[in-house]
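S.K.: Sequence:
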Amino acid sequence: MERMNGKEEEFLCCGHILNALSSPIYTAHRHIQTAKELWTTLQEKYRIEEVSVEPESGAYHAGGKLERGRDA
168 MERMNGKEEE FLCCGHILNA LSSPIYTAHR HIQTAKELWT TLQEKYRIEE
218 VSVEPESGAY HAGGKLERGR DA
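Under the numbering used here, the residues of the sequence shown are numbered 168 to 239, in order.
It should be emphasised that the hints constitute simulated quantities derived from the structure, not laboratory data. All values derive from a computational prediction rather than experimental measurement. Among the hints, a few may not be true.
Claimed, not checked - Label pairs and their computed distance ranges (CB to CB):
#1 Lys212 to Glu177: 18 to 24 angstroms
#2 Ser190 to Arg170: 30 to 36 angstroms
#3 Phe178 to Lys212: 21 to 27 angstroms
Note that CB positions come from ideal geometry on N, CA and C, so glycine has one too.
My request is simple: use the sequences and hints to build the entire structure.
M.R.: As structure tokens, this is what we get:
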């Protein structure tokens, strides 16, 4: 398997981030060119916390709360 070049990786990374956004947020931020700039902008605007995945439980944790609506 051939490794992608930096431009391709950047495009895919931006695409993954944008794909996770709701339509109004996507529309407002789709013009941002780099994944780093996009992530930083979203982090500053929406105060995004680092998210970790617990593979054994299958639940996504963010700041001590389960994304499925139950406290951790």
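S.K.: Hint by hint, note whether the structure agrees.
M.R.: The hints, checked one at a time:
Lysine 212 and glutamate 177 have their C-beta atoms about 21 angstroms apart, which keeps the hinted 18 to 24 angstroms range intact. Remark: the range hint 30 to 36 angstroms for serine 190 to arginine 170 is upheld by a beta-carbon distance near 33 angstroms. Between phenylalanine 178 and lysine 212 the beta carbon distance is about 22 angstroms. The supplied range of 21 to 27 angstroms therefore holds.
In summary, the structure agrees with every hint in the numbered list given earlier.
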